[in-house]
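One line per chain: the protein sequences are A and B, in this order.
Per my numbering, numbering of the first sequence is gapless, rising by one per residue and ending at 609.
Per my numbering, numbering of the second sequence is gapless, rising by one per residue and ending at 609.
Think of the hints as simulated: they come from the structure by calculation, not from any bench.
Don't take each hint at face value.
[Unchecked claim] Computed, partial: chain A to chain B, Cβ under 8 Å:
| # | residue |
| --- | --- |
| 1 | 54 |
| 2 | 56 |
| 3 | 113 |
| 4 | 414 |
| 5 | 417 |
| 6 | 482 |
| 7 | 484 |
We put the CB at the ideal spot given by N, CA and C, even for glycine.
Protein chains: 2
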Amino acid sequence: MPVDNATLARMAQKLRRHCLESTAEAGSGHPTSCMSCAEIVSVLFFDVMKLDPADPSGKDQDVFVLSKGHAAPILWAALKEAGAIKDDLLSLRRYDSPLEGHPTPRSPWVRVATGSLGQGLCAAAGMAWARSKDGRPGRIFTLLGDGEAAEGSVWEAAQFAAYYDLGNLCAIVDVNRLGQSGPTMYQHDTAAYEARFRSFGWDAAVVDGHDVAALREAFARGGKDGGKPLAIVARTFKGKGVSFLQDKDGWHGKPVKKGEELQKAVAELGDTSLTVRVEPRRYPSVSAPAAGSPTLTPAYTLGQEVATREAYGTALAKLARASAGVVAIDGDTKNSTFSERIKEVSPDRHIEAYIAEQNMVGVALGLSTEGKIPFASTFACFLTRAYDFIRMAAYSKPAHLVLVGSHAGVSIGEDGPSQMALEDLAMMRAITGATVLYPSDAVSAERLVEAAANTPGLVYIRTTRPKTRVIYSNEEYFPVGQSKTLRASARDAATVVAAGITVPEALLAHDTLAKEGVAIRVIDLYSVKPVDEATLRKAAMETRRMVTVEDHSVCGGIGEAVAAVAAGEAKVTMLGVRETPRSGKPGELMKAHRLTAEAIVAAVKQLIG
Amino acid sequence: MPVDNATLARMAQKLRRHCLESTAEAGSGHPTSCMSCAEIVSVLFFDVMKLDPADPSGKDQDVFVLSKGHAAPILWAALKEAGAIKDDLLSLRRYDSPLEGHPTPRSPWVRVATGSLGQGLCAAAGMAWARSKDGRPGRIFTLLGDGEAAEGSVWEAAQFAAYYDLGNLCAIVDVNRLGQSGPTMYQHDTAAYEARFRSFGWDAAVVDGHDVAALREAFARGGKDGGKPLAIVARTFKGKGVSFLQDKDGWHGKPVKKGEELQKAVAELGDTSLTVRVEPRRYPSVSAPAAGSPTLTPAYTLGQEVATREAYGTALAKLARASAGVVAIDGDTKNSTFSERIKEVSPDRHIEAYIAEQNMVGVALGLSTEGKIPFASTFACFLTRAYDFIRMAAYSKPAHLVLVGSHAGVSIGEDGPSQMALEDLAMMRAITGATVLYPSDAVSAERLVEAAANTPGLVYIRTTRPKTRVIYSNEEYFPVGQSKTLRASARDAATVVAAGITVPEALLAHDTLAKEGVAIRVIDLYSVKPVDEATLRKAAMETRRMVTVEDHSVCGGIGEAVAAVAAGEAKVTMLGVRETPRSGKPGELMKAHRLTAEAIVAAVKQLIG
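For reference, chain A alone in the conformation it holds in the complex (with noise of 0.2 Å):
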């Protein structure tokens, strides 16, 4: 029995009232931000949504993102008065409760965190993509800021979702006019927005944001599969329902204070005394294809040359056959990273996202939460592109997510500097929680792949241009955060710590200083993070001289990875750029930077003194 319009807009005000209290409790957050919304909240949990209170898994449901998480506190609001958590919403913001400042999966209904405006939509995007091509039904509401649709981010989802028609999709744009630090750049033009989204080839309808039948007419106009994507531009009042809040300038981020204000604030919310019991409002079931745990044996020859970026491609490829849940996106980058290899096992399994790689991760992420295990690459110096999406994808807390940079470092060669990853490794690392991976040949890129399907959360690998020599066997497993030493003796007068494309030339290095007499011990540090300490520990103590080698940035690399370790037991030097690169080719670049078997011996030489 649908619920009539009066007790919509009645629940829109208790929310209200939900947002000024905790907030006030806190002694921050955003209630204006969520009085802007009241009657989009409601009409979505009460009326529009299907939704089952019982069950934050989100399948066989529709699902709800917000995008603009600052406005968190109705978020809890509606889901508490819909029966969906029993937390205390007086808990708000303290360090004990799930009811996060900004959302989080600390609280299950959370699929995506957010708070880093513009990344809701591309989430988003990517669960409508899911439910699309798999059949399954439900429609994804995502639901923005005005201020937040100056994030060139919502664009590229919004192409995103036009060119893959994807009709399961509501963006709401809730037009308050007012942003943290002034008036908005377009204010109440809604006009604006609609155009835009038109240009984009959504449909758009702009609605008075507080009129609740408007609303639900509204919602009524998406929703077909296969059909134009629907945004709702809704023309809203920042703090709406309190003379003193409405649409004032200074009041973002601020909540009333407890005692007279509060009170005053609430009083003219009018009866906040409903109770809305939410039925279970399902879809019938419709699996989803199962994601597995899939397994891999690499088909290499020992001294064979393939690039890892090409390893990875046929290990993406083996990797799909092998689950029916695995899935490519790719920047269109995918016959340079390989990624297209996916397309023999079906077309349909690879997306283009086309040159946006924020969208392109946010998309990858909202895969993620409809169970496929998404594989998202282009070249690794583009992923810097995205580095706040990848940041709040881990904040996410995603089953799987696998970045795959190719490209790394100065031996791509003539391209230049705008084309070589220095600081990819840097930037994933620095992630809480987040597996770095890089491989050296193509035997350990098709393992390092296998074990990245079957990581959880956001796992990096690192691929690499020019071919390598194939230098393990079939057979060789290569555990997260182990590594492997390839050289070892017990007169070993220094540990060369190498990974990727710097591998080979450490093994040439050894060879060389072997023949002069000096043995040393070189390790393949794959699992970049997390690292290999016993080993790395145990080579410090053993040999007291270590030399790291990377082709990327001496910062937040390799070799402070390796210090860290090593520190108090070993002198480390570190071979790296440290200098802007140029144009040349691979081996002279190579030269330039330190990072052949000649520098590798000559750093070992001046350690070993």
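Chain A is already provided as a structure; the job is to place chain B on it using the hints.
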């Protein structure tokens, strides 16, 4: 005397020939991406643009930014034909040549490095803003690819340019239908691009991009100061002019082979023997405000409680009074970063970039090329959004570009992880040549703002949300690359290295330990990069035990910077963020992540056994 259309058309053919030859010689590069825009470049360089081939400074002239940086060969060819450079075009992509694979400032004609797509328009918008505000003539032209238009940052720049009425800005989109790995999203649907630019507030013209007369007519539409920016949507063919390349898939980033294939291609271009002399064309000189080398004198009281973010705002305003070149740009956080204080000097010196951090950094880079000293600020975590822009800005070797990130670390408290910067030090340190500064009190904040304005290149300043006590006298100096040893004795059992919010904690730990008879050294590492190796090494050798403590990920920040210097000399215990934080009070979070005096004391005790 204007050049006739036939000559411009023939020059386009000659430019194509150069691109075919130089990339064939290099054995790599993107000739077909150059061939699609040959008429556009010909018309710009030999007719439309006011250009003095003898003067690459860009002053009193029009400016050209090649946003689709992979078309570098045609930029080099046009500059050569215009008499602006003497370099051998056949040296393209060679290690000893300034003619790199993508434009870099190794050629004096390149104002901003490009090659990561979607950035040129942002920088161009910054240049246009500076010209417009200073009342200086000159049009800013930037050439984009159609694939590139998928980047959200393009639309951030588009909305910025329209909002600020940058009629002196002109974007040309080379709609050649083909991306790297296949057709673009919209192929030859030029109306889609036109509608978008119009919906973002631009004037737009669709033209045949190979029709010289049509291009001249389109260019004539723009350039009105205070008018709408102009987008020229040019329908073109990739590989235009050579039958076996034109509009063919599979030819992205692929040169023709030297010898027969090249000869066949060149033969199709017809007579390319012409030369066109470019007479110096300049605007009357209008001087811009001089940047100067500002100095500041702090005026704080020891023990005063001031947040470094607020001290930043105060210093910025003082700096703006001292130097006319100083401008601030912010992403709707000006009341939190305190950048709004510059408005007290002049509202015109503050640019509201709204919530679009990529464009904000790109605009700042453009401002820098026009002689400004730009300070771009937002929450430090949101600078991750612009990492690709920051990287490319560093490669652009700006005279001055200061980024300021506020609200760093878990000490922000209740807002939760989405608003905490935990990766910013790692990401900034990894960039070759960047300077990273981190004040701990108001005095050091002001001094470091002064230092930033006087340091060439990219500088990052990290500020803190909570108030900290002033511990330095106003006469203290903070040279880049040094540190402050706050406590030291001949019998120090360990060294604690802190920065920013952890400096007061380190001092407290010192006092606690002193009461127990344990002396420790305390170093304020305000210059995170370059780091004070001499002082750190001395401390490592003298105390043999070090504890680092940072409100940042333990990966890639202060701990590893210290470990890299101290390895072999001292054991290093690194205190920092290792797990995803959550909402809570700042004190609770500092404690949970072991960043307090108590944690430092415990770490020191454990180290000294």
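Hints and how they fare:
Annotation: interface hint on residue 54 of chain A violated; nearest CB of chain B at approximately 25 Å, more than 8 Å. Nearest Cβ of chain B to the Cβ of residue 56 of chain A: about 19 Å, over the 8 Å cut. The hint is violated. Because the smallest distance between the Cβ of residue 113 of chain A and any Cβ of chain B comes to about 6 Å, under 8 Å, the interface hint for this residue holds. The interface hint given for residue 414 of chain A is met, as the beta carbon of that residue sits about 4 Å from the closest beta carbon of chain B, less than 8 Å.
A least Cβ separation of about 5 Å between residue 417 of chain A and chain B falls short of the 8 Å threshold, and the interface hint therefore holds. Here the hint on residue 482 of chain A is broken, as its CB sits about 18 Å from the closest CB of chain B, past 8 Å. Against a cut-off of 8 Å between C-beta atoms, the interface hint on residue 484 of chain A is violated, since the closest Cβ of chain B lies about 22 Å away.
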